[in-house]
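Please arrange chains B, C and D on chain A, whose structure you already have, making use of the hints.
There are 4 protein chains.
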Amino acid sequence: LNSKARTTTVGVVRTDILDFTVGRDRQLDMALLNADCIGTAAHVTMLSRMPVKPSVFTAPQCAKVIRALGQIMIASARGRFAISLEDQDVHLALERQLTARLGALGRNVHTGRSRNDQVALDLRLFAKEQILAAIDEALNLADALIAQARRHLMTPMVGRTHMQPAMPSSVGLWATAHAESLVDDALLLKNAFELNDQCPLGSAASYGVPLPIDREMTAELLGFSRPIHNVLYANNARGKIETIILAAMGQVMLSLAKLAQDLMLYTMPEFNYFSIPKEFCTGSSIMPQKNNPDVLELVRAKAATVFAHEMAVAGIVRGLPSGYNRDLQETKGPFMDGIATTRGCLEVMSLLIQGMEVHAPQMRAAFSPAVFATDRALELAAKGMPFRDAYQHIKAHMDELAAMDPGDAVLRKTHWGATAGLDLDAMGKRLEATRRFAASERMRYHRAVTRLMNVQYPLHD
Amino acid sequence: LNSKARTTTVGVVRTDILDFTVGRDRQLDMALLNADCIGTAAHVTMLSRMPVKPSVFTAPQCAKVIRALGQIMIASARGRFAISLEDQDVHLALERQLTARLGALGRNVHTGRSRNDQVALDLRLFAKEQILAAIDEALNLADALIAQARRHLMTPMVGRTHMQPAMPSSVGLWATAHAESLVDDALLLKNAFELNDQCPLGSAASYGVPLPIDREMTAELLGFSRPIHNVLYANNARGKIETIILAAMGQVMLSLAKLAQDLMLYTMPEFNYFSIPKEFCTGSSIMPQKNNPDVLELVRAKAATVFAHEMAVAGIVRGLPSGYNRDLQETKGPFMDGIATTRGCLEVMSLLIQGMEVHAPQMRAAFSPAVFATDRALELAAKGMPFRDAYQHIKAHMDELAAMDPGDAVLRKTHWGATAGLDLDAMGKRLEATRRFAASERMRYHRAVTRLMNVQYPLHD
Amino acid sequence: LNSKARTTTVGVVRTDILDFTVGRDRQLDMALLNADCIGTAAHVTMLSRMPVKPSVFTAPQCAKVIRALGQIMIASARGRFAISLEDQDVHLALERQLTARLGALGRNVHTGRSRNDQVALDLRLFAKEQILAAIDEALNLADALIAQARRHLMTPMVGRTHMQPAMPSSVGLWATAHAESLVDDALLLKNAFELNDQCPLGSAASYGVPLPIDREMTAELLGFSRPIHNVLYANNARGKIETIILAAMGQVMLSLAKLAQDLMLYTMPEFNYFSIPKEFCTGSSIMPQKNNPDVLELVRAKAATVFAHEMAVAGIVRGLPSGYNRDLQETKGPFMDGIATTRGCLEVMSLLIQGMEVHAPQMRAAFSPAVFATDRALELAAKGMPFRDAYQHIKAHMDELAAMDPGDAVLRKTHWGATAGLDLDAMGKRLEATRRFAASERMRYHRAVTRLMNVQYPLHD
Amino acid sequence: LNSKARTTTVGVVRTDILDFTVGRDRQLDMALLNADCIGTAAHVTMLSRMPVKPSVFTAPQCAKVIRALGQIMIASARGRFAISLEDQDVHLALERQLTARLGALGRNVHTGRSRNDQVALDLRLFAKEQILAAIDEALNLADALIAQARRHLMTPMVGRTHMQPAMPSSVGLWATAHAESLVDDALLLKNAFELNDQCPLGSAASYGVPLPIDREMTAELLGFSRPIHNVLYANNARGKIETIILAAMGQVMLSLAKLAQDLMLYTMPEFNYFSIPKEFCTGSSIMPQKNNPDVLELVRAKAATVFAHEMAVAGIVRGLPSGYNRDLQETKGPFMDGIATTRGCLEVMSLLIQGMEVHAPQMRAAFSPAVFATDRALELAAKGMPFRDAYQHIKAHMDELAAMDPGDAVLRKTHWGATAGLDLDAMGKRLEATRRFAASERMRYHRAVTRLMNVQYPLHD
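Residue numbers (my numbering), protein chains in the order written: chain A, 45 to 505; chain B, 45 to 505; chain C, 45 to 505; chain D, 45 to 505.
Bound conformation, chain A alone (with noise of 0.2 Å):
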């Protein structure tokens, strides 16, 4: 806080205070813009059918700031809209714009509600879009895995528990075990999307206004399935909607992790059961040899960044009293970095799991005559040994045990989910359902934005 900010003020406030309540707004508010403006655009259509003498706005009226609003998203498309330390927000920003270009108009736009109100409808603007597009990374990463699954379907690979070997396994059962995990994460993402799609819009300052607005009208106009009832719980819903949604996304993380840890591990010289493209690796500053899986570690230390954002958050709201509190404000940073990182992690994950290499020849040498110990006490308890003892009398002669052939030890496991039970066309089933849902919501939510706006949405420049 420089000296020279210290005797300057915006209104009665001092300007080292203000940059420092405004904190990275100026910056994450960028990502707002156009929901700032197209909820805007819902506001005050319902504003110009609202049944009050005078009209808040006139159908012209309605028109022309709505055409106004289209103006500024397409400008700040090509980069020219700022946020000023003075209009601290999207918010004041874009009523500020208005006001140049519309005067009385602009100083009207903000009858009725609040900035609070804003920026929850904008968040939930903004995550509508961001989780449809995190679910289709999501199913593209399965999709990836499951190619792969595929390509090496009975490719035999030892299977592991507490690291050390201990099945009889193959790439199809690994690869589309991470492949489910993403379909179970990418139903999570949907749960979170019908959550997060509830309008707050029509809370104001969270207790509501003495006009007579219409909720239902501008959750309809503006894609919604509804809006959310309680005004208050509008508001109140600031940071529980973004932990859920962290939540969503700190499953595909989890997830990814463990994906990567799997690479990591089998791209271990020692291993080389998989390797990945020399594009994704890169060396080191002292050591000519190094080739190193760095995305790999990245994704893996990401899944953290983005549990402690999910803990940020919750931890910022946890305790909270009813009512906004600008404490809310310092969630929007670690909600946006990370779904951020998580929708990067996706895609940087999609590319590698194309272009990752089997090499089923190491994989086949990694089996020992251990690894089929299991098996071969299977075998006994099918013959009618109960299974304990024979269990035992495998134990007391493991050194006897012979190998066998893993290419058969894989196609034994015939039941449902197993190495050669896999059904990949009921996981296709399902990943195509999501997908589905994905499409069908963004296509719902273009078609109000472009009805409301008159603008093709998203806007193509």
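If you are wondering where the hints come from, they were derived from the structure by calculation, not from laboratory data. These numbers come from a predicted model, not from an experiment. All clues given are correct.
It does not matter which identical chain is meant; a pair holds if it fits inside one copy or across any two.
Computed cross-link-like contacts, BS3-like style, restricted to lysine-lysine with a CA-CA straight-line distance of at most 25 Å:
#1 427 / 97
#2 473 / 234
#3 427 / 439
Below, chains B, C and D alone, put in the same frame as chain A:
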């Protein structure tokens, strides 16, 4: 680790080391005994129908095992079941008990499954019942809040933002805001239930078995919607599903913490908006006058605990490679504690809300003219002054601001979800839909178990 | 909360509510009984010397109380002390016992103090002993690692970065790296000890008392370095000091987790650098051949648990207003569990490291020519080629790279702290300095208590 | 990851992948440029004195490099230094710049070190300055609180527990409680400083180098107390030291959050004990009357953020195997952000406390007779009634309890650390001791750098 323990072993393992590895399992697993019996019954039933010669179990043998399992469940309900250090966990304790009762039949129940399998199943069955109970309890608290809302629907109460007086609100709005949060939480619990409602059985040691086991059959016998497909994912999902469930519990705790925080503020003598019954308050060992809202403070604190439990579980599993790792055992404590904590808080808060008293006069006395400033600005806006100008006008003349009648102010906010626009029927409908879901799922599970075990479930001793 | 409990009360408080508020205190507080007796002895001694008429306690009365306290400590050591639900906690249980034995004298020991006071003191005394024990245990493990280092000082081992082979290293370097981490941890524990070594007694209910109590005297009687000055801060520091101590324990766990992770990697059969004794490994219920490093996995997992405990405590206290809040009770569990977990892991890892075997041939076999690439580049650099050019040269000729003798490579790194430059004496000196600190602090405390209680401390029953 | 990026590479690495791996480094590393130059100067100086033939650097060559480093630092202070995507980080950027200016000399500075080495060193140097600054700022805030305490030393204020009125207290007690917390925090920062004050340089890629480098010399040139001994530990300590520092910062934030929470409560109009200057408060976009304590809310929230940063770092490094792993890069953001956040909060809270006003009449009006209950019970106890009886007596006659003069009550608590026994001199002495520590360490570092670089440090452009 005392020196005596060091000199003894169980098998080859030193007693002190075994004690370290067993950890809290001997206590925690007691809550899984029923699930372990039920799962064993399903597994043995499936084995008895498996198309192999000789049968692993004949139908009469199967019936015998199931009868013994039922007896063990009843014995356990009467406090006559214990897990010894040698047993290590409920799974081996049960196998030992079955073997003691049934000899070779007991030594055969482990055919085609592993403990990892069992614990994964037991935790899903345990979670089924716990989540459904938590849904009920969350909705009970929502009901208690709605009942208070009905009683004091239009009682004016200062709405706050930034902990400072903001706008006219009502007890009805306040109480239903908290209720709606819980209704959303119940949905989250439902989502977690549905993710949990996939049967992991048949994964064995994560890699399936070379026997024609029927995983769809066991899933159905146990009342699951479907088996988890990939057997490796069935194990990899350990810790993941626990995190998902704890995240939903954490959301409940966020709702409770906010409610508790509001009540702590508003029961301070400076407010005295609410009072909680004396039988919920404890005194001080030194201060004779004290009457403290300990329950509320503990609920606020326990919200942090539940999130820490979620972090513990996520932290433990993040970055584990595929396949069972013993780390997973360490997730059991935070998982079970997190659920129990949440349920305990829900129950105690329901009682407290039922007994809470509302002091309308104190609430009314708290209205200062400033609380109506926004309403006044909106009056000007409704008459045609651009809102920003109206806002500036009121801001410049705060000293002249006349008070309004709080009751009138509350009545004037008629839009959906505002003080005079609360739609308790709509809330009730959402609430009841989730309640019906829980009831029907509970019925489905109880019926399945009763059919499988031929014992009325839940047991009534 | 069963219906019977609802109809009964303790005082005015309902039994079920009391049970909720008491939580785990009845169990956890058993570990605080000695501290509570010792603290009471100091408080009563001070009261007996307080310059007021009539004396709160005469010298003979004081002696009588202290005698009774000693008897209670001994009874407790024999398992004859219990905390009832009515007692709620150890403090009221002790007062009740004293009153039962001594009548009015017992009803007078609470003069000028509060339970908050007592629990703050008890936890600091408890922490004193725990931290000192943890220091010893951390240094014991460091010693065990150094002993292994001495035994295999120059045994070549491939050093890794990014989990990939990097440069020649040695068992000596590897083992002492872990040891040095623990030596730093012991310093952190020492720092936490010193922060903890401030006596909170005399804070009463956070605001002191209108009696001429002598806080320096009680601090000295109890062997503290000084009292906490501000009586409100004495209470505000609750949770804070616990977080500080848990953060130090967390650092120990970071050291252990890294050690455990290394061992899990290097005991995989693909490496087989180390083996851990069979009596530390448990088997599988299904796989006869298994021999799993469960201890290591649990240590890795428990590191996450201890950090979650730290987060729980920090989360609970963050944002609490000044003065005692009941939330603080909820910190007791994670605090005590976190310490016990850390100490248990230290002890088991010491045993494991002592029993660990090193397989030099396997380590030597793992050296590929690439591991020497950097050494080769530095040879060129030493001859005058700019390092970046040497690096590029080697990188371009990786295929021609000749291996070196690993033993020679290890011997050539002679600078301080490298494979051939390890200064075990310097390490030993740092280690011993901290060990002496712990011994002398333990002595100081035991002497103070022995003098105060007129009973040899620690008690030997 | 756009399609154009996919088709280009830097070396073999795809541009989009490189961008993913570089992450925030290009921004964050700008704060490390000075440290990187200083560390390079020390390394080159040591190389120039290393007893090898030919010299890696002659003395004149060394001087030339150092001159260039000084110029780069000055250029950077003027905004003329940038890190390109190809550079990836500050280390390669600096090497490139040196090579551009000095040719072969630049290509030689990396002899015997690695980037891991450099970043470990840079972060320690960065942390040195940051911790010392944070100590000063924490003590400045403590000073501001003590100044308020002096001004209102005996102003009566109701002391609270459980957020409820408890006992008579004073502004002096309240303010110095917060100050003492910060004085303890400054000690924690000092402890973290001392742990940090070990030089990692010479670790190279974690395994040392086959050159006779002198690690004591570089440590001394850089003003460190000593080198880290074990070169592998020098790298393993990455993340560990960051967690330690963040834990200390977290303690500062706990102190600030408590202070902020108290102020938020006591600035509510229902209390109005304190007011904070208007230039620290921001308004509402909809409510004309609003004057919100945003700064306090943000400080409360940021306490959660800093702990989440600590968890992120601990989570990332927990369970990593020995040696550098790229995961460590991901710790840089939370580490730097956590420090910057803490320092920003300290600074703004100092200003706020300086400007805070105390309203004695409102504080005095808040005293109800019940607040004196304990004082009354202790009066009876002082006259000889056993305290528990006195307590019960007062409890039974609460209605008859007479008020006392709050000023008298405050004066009657004369023991050390109570309202009338505050020892501001003792506090001041502890505070000054830590301040002197920080000043002398800063001096030591600046002198070392000035001597090494032959440029006055810190730079004044």
